[in-house]
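Number of protein chains: 2
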Amino acid sequence: MNISAQFLASNKTLLQDKDAGLHAFSSDSNKTLMKEKTLELSAQIAEFQNILYAQQKHKLLIVLQGMDTSGKDGTVRVVFGASNPAGVRSVSFKAPSSVELAHDYLWRIHQQVPAAGELVIFNRSHYEDVLITRVHGWITTEEVKRRYAHINAFERMLSETGTTILKFFLHISKDEQKERLEERLKDPHKHWKFDPQDLTERASWKDYQDAYQAAISATHTEQAPWHIIPANSKTQRNLIIASIVAETLASLNLSYPDPHPEYFKIKVE
Amino acid sequence: MNISAQFLASNKTLLQDKDAGLHAFSSDSNKTLMKEKTLELSAQIAEFQNILYAQQKHKLLIVLQGMDTSGKDGTVRVVFGASNPAGVRSVSFKAPSSVELAHDYLWRIHQQVPAAGELVIFNRSHYEDVLITRVHGWITTEEVKRRYAHINAFERMLSETGTTILKFFLHISKDEQKERLEERLKDPHKHWKFDPQDLTERASWKDYQDAYQAAISATHTEQAPWHIIPANSKTQRNLIIASIVAETLASLNLSYPDPHPEYFKIKVE
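Chains as they are written, first to last, in this note's numbering: chain A, 5 to 273; chain B, 5 to 273.
One chain only, chain A, in its complex shape (with noise of 0.2 Å):
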């Protein structure tokens, strides 16, 4: 399922628009089939995530990357909509505050991580700042480079302090992102999610594709694995993302917390 470690251990160009349509797992499946498996896959989610929160232990942190229409929300939405809000908590990172620029630019980020029994979304992240301030030259090369070290001994830290990492890249083609953008400009009730400034990253395409391939060769570790999620289909999306998250809560064994036996004699007057 980790199609990326598929990638570079291929060693291939990372990140081509021809891998951003359906793949051939789920080419013969039909859409309603993989639809009723991520409504599943998203109870399971959901039921997992009860026990995470109970049990206090692990912390879950989500990584959500990708160019704009790139279905960031609708991850969110389908993928963690069925889940209890207590203990899940959806993080979207703007353009950062006069605030936030006054402090180094994992400030604002690390404030953000999850906490003990927390599941963490990052819609947008950390890695804007060796996306989006590489592709305009607001940093040099060897700011890049600095940066991704920074991240890989912050994700490294998050990890040995108990924070289990999937970081998400949705791959779209270019002609995808035209579609979806033309559907924006289209419908009225859609225009609230158009922002011009799309078009001028858009004109970056290449730029922002050899951006994240050096990105995520660079962080791609053990501890804070890259998944690239082919994204043009979003039913595929959801459920590829679904079954990892899904699969990444079963590894971690959750258990409530155990019994207290002395609690059984307990008498409530």
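One or more hints might be untrue.
[Stated by the list, open to error] Derived pair list, reagent style DMTMM-like, types lysine to aspartate or glutamate, alpha-carbon separation capped at 20 Å: (1) A/K194 x B/E266; (2) B/K197 x A/E266; (3) A/K182 x A/E205; (4) A/K197 x B/E273; (5) A/K182 x B/E266; (6) A/K61 x B/D199; (7) A/K269 x B/E186; (8) A/K271 x B/D23; (9) A/K271 x B/E187; (10) B/K269 x A/E186.
Rather than coming from a laboratory, the hints here were simulated on the basis of the structure.
Keeping the supplied structure of chain A fixed, place chain B upon it in accordance with the hints.
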């Protein structure tokens, strides 16, 4: 539906155990029907909340208060379980940390109020600062009164700057709490929810009811009304709360932001 207003108008003792049970309007209803209706309302709330999020104009703050086991966690899960985590945040206020204690008692509360487009649920709140503190005599009667005034001024400010506030007191009887605590003690899977401190607080049941009654009367304002929810029946509790939240969201006349006519002319390259 505003049961507290009804109680307050009738000028009788606000909180009586007998009022925690099933109310007349639902006594002839069947549990399955109530659950179905709640599910519908919960889906409706999720729909409204998506528009709230898109519009980024209104802010909705929901305060849940009640004795231990009164069902605050269950309310969050059932009523808001279908909502998109991107726009819904649940904040649980525990005993304050030393940093929080070094500030005024509204400091940590203010940090968590909803931003434009957000629906935030407070699981316990600043009301603890006029409840547990009063019951244990940590603050004087004068201080309690000053705090009612602070709280009313704070909530007025929130309201006048665009926040809609709904406050729910989940009203259970002392007998019902006994059953629920016994259930937690009997079931090893529920031991994690039990805190021996709950029994200490239970011993002050009458003082808590008095403290709640005084606090509710002093802070039931037009801009931030209390709703006293009979909560011995979980099914009825969820239905009433979901109804009030859905009605409130409907009354906001939410709509998607205005379209930008100039967007129709944009061509995506």
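- Which numbered hints are broken by the structure, listed smallest first? 8
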